[in-house]
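Enquirer: Sequence:
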Amino acid sequence: MTYQSPFGDMETDHEWPDALCLSRTHCADASEETLGEFHRGAIALIDAGIPQPAFFLARQLAELSLKAILGPKQVYGHDLGRLLKRLEETGDDLFATGDNQHLVVEFIRDLNRRDPNGDEGRYPTTTKGVPSLAAVCCANPPLFRKYVNLLFDYTQDRISRAIQAI
1 MTYQSPFGDM ETDHEWPDAL CLSRTHCADA SEETLGEFHR GAIALIDAGI PQPAFFLARQ
61 LAELSLKAIL GPKQVYGHDL GRLLKRLEET GDDLFATGDN QHLVVEFIRD LNRRDPNGDE
121 GRYPTTTKGV PSLAAVCCAN PPLFRKYVNL LFDYTQDRIS RAIQAI
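The letter at position 36 of the sequence shown is residue 36 when you use the numbering used here, and the numbering goes up by one with no holes.
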């Protein structure tokens, strides 16, 4: 049997109706597309009862959301606490009075407390050999889903407002 790559180069025709377009080259808004895919992935995994990848994608969604909100002022790395601090220091709307903002910030802080290095859920163990997410145990699926949706909706609203302002 001969290996045939499932991946096409940029000049590949989309000969099938359900092609998975991986490149962000032709996107109208690459950040929005990526956030949408991580959101749908996290929700699908929560709904399917696939816990560690669901946590990892939710945390990744939080990181990408904060970086999208920060825009050019973003800081590099995977530290959600550092990203939140940068937004707070700049007086960002995320820290304005409002129930949704408060819940989004607390959800991100919770993700950061559970996984400060951004690598748990991605591997079965930490670099120290401890089982991944050993301090978390479980998640309440409806509540987890609620906060993932809230984070995504808030970020989408922020991105669309930023685009309209331009």
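These are computed hints drawn from the structure, not numbers from a lab.
Where hints are given, some of them may not hold.
Claimed, not checked - Within a straight-line C-alpha distance of at most 27 Å, the following computed DSSO-like cross-link-like pairs (lysine-lysine) qualify:
1) 73 <-> 85
2) 128 <-> 73
3) 85 <-> 67
Enquirer: Within 27 Å, alpha carbon to alpha carbon, are residue 73 and residue 85?
Expert: Holds. Residue 73 to residue 85 sits at ~12 Å (cutoff 27 Å).
Enquirer: Given the hint that residue 128 pairs with residue 73, does the C-alpha gap stay at or below 27 Å?
Expert: The hint is violated at about 33 Å.
Enquirer: Straight-line Cα separation of residue 85 and residue 67 no greater than 27 Å?
Expert: Holds, at roughly 12 Å.
Comparing the model with each earlier hint shows a violation of hint 2 alone; every other hint is respected.
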